[in-house]
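Got chain A sorted already, so can you dock chain B onto it with the hints?
There are 2 protein chains.
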Amino acid sequence: MAADSGEPGTLRPGGRTARVRAAVLQAAGDVLAEGGLAALDLADVARRAEVGRTTVYRRWGTPAGLVADLLADMAEQSLPRTETGTLLGDLEANARLVQRTLADPRQGPLFKAVLAAAAFDPRTAAALHRFYEIRVGEWAPCVEQAVERGELPPGTDAREVVRAVSAPLYYRLLTTGLPLDRASADRAARSAAAAARAGAFVTPES
Amino acid sequence: MAADSGEPGTLRPGGRTARVRAAVLQAAGDVLAEGGLAALDLADVARRAEVGRTTVYRRWGTPAGLVADLLADMAEQSLPRTETGTLLGDLEANARLVQRTLADPRQGPLFKAVLAAAAFDPRTAAALHRFYEIRVGEWAPCVEQAVERGELPPGTDAREVVRAVSAPLYYRLLTTGLPLDRASADRAARSAAAAARAGAFVTPES
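Here the protein sequences come in this chain order: A and B.
Take the first sequence: its letter number 145 is residue 145 in UniProt numbering, and every next letter is one higher.
Take the second sequence: its letter number 201 is residue 201 in UniProt numbering, and every next letter is one higher.
Everything labelled a hint here was simulated from the structure, so no lab data went into it.
If you're wondering where the values come from, they're calculated on a predicted model, not measured in any experiment.
Facing chain A, according to a computed beta carbon distance under 8 Å, are these residues of chain B, among others:
1. Lys112
2. Ala116
3. Ala119
4. Arg163
5. Ala200
For each label pair, taking beta carbons as the anchor points, the in silico distance ranges come out as:
6. B:Pro204 <-> A:Tyr57: 49 to 57 Å
7. A:Tyr57 <-> B:Ile134: 42 to 50 Å
8. A:Gly199 <-> B:Glu138: 25 to 33 Å
9. B:Thr55 <-> A:Thr55: 46 to 54 Å
10. B:Asp104 <-> A:Gly35: 27 to 35 Å
11. B:Ala22 <-> A:Thr86: 48 to 56 Å
12. B:Glu138 <-> A:Pro154: 37 to 45 Å
13. A:Ala43 <-> B:Arg53: 31 to 39 Å
14. A:Asp41 <-> B:Arg182: 39 to 47 Å
15. A:Gly52 <-> B:Ala43: 33 to 41 Å
16. B:Asp44 <-> A:Gly108: 26 to 34 Å
Covered stretches of chain A (in silico footprint by chain B; criterion: 3 or more residues with CB under 8 Å from a CB of chain B, positions within the stretch not fixed):
17. 127–135
18. 169–181
C-beta: ideal position from N, C-alpha, C; glycine also.
Only chain A is shown next, with the shape it has when bound in the complex (with noise of 0.2 Å):
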């Protein structure tokens, strides 16, 4: 009877857990880009996401677990890519989909740090792997069109194109200080582009 009565609170169990896990992944994601994997604390989670401890203890169990399944719903979450008709355009288009996600003054830093939990921990590593590569497969087919047109040469391996034009912003992220702009994701769509043309990303016959 509860179930039906339209009271707050009373939606049906899926509704209330996927809400839950929003509010959890919310709040372990504000944690994360405020002060990296040090900062996540389960409890400090389960009190800003207004939820039981014991619930996020019994769902998530550790700092790894966490991040881990914010890794998923990030995956799941992952904007569709963009069909321009061009290579350099769709290119284009996911370059400044990674430089304002980077930019981003939550978003940055989220990345930074799930980058670094990966580094000294294998669950993790293996969420954040994952990650990639659905994004990568997101945005592989713009580069498969572009062989098809003829734009390409046959044999490009489609997910190191779509690699490479992330590769150059993650790089500038890490080891400078100097600002993600709309100028280096342009840069960074052209070169790709124009290595993919020259048949750089050909696999060689094996």
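Frame of chain A; chain B shown alone:
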């Protein structure tokens, strides 16, 4: 008198200071490679380096101070660039050096650890940026010479080309579980060279 006696432990102070620093930084690097920043404890480093605790605390103060000095030392120890006479040859030499370093069982985790440590510590980040500034500056003349030889268009941003060689290797290390093999190094060099030849790194007129 003791300073001239030639007995072990009686070397000039400069020599002793340098040996102490070398031993401490070696131990700090070992600890970072094994367990990351979270594992870096000054007392443990002193024990491993067989150096007095007080010396380590007085000279380095904190784990962040130790990481900053380790990065300064890595910049000093950085190998000089190779000159092969062609752009592709030089970039390949650079890419293979980066690949061997990141694939090394001690150096790879050490680089992951310092990148992770820099994510939430401004002092470590500054030392890390300085390390990459020096390293990129060391290899930039390869690109400048290629411009002078007419291999690359005038106005090519030499430092961006050098960064483009390293970027895919770091991205591969951090975001995938794929092997950092010779093929990935050669692809990184080949694609940076192709993009540079196509003018992707020419700085727009300002």
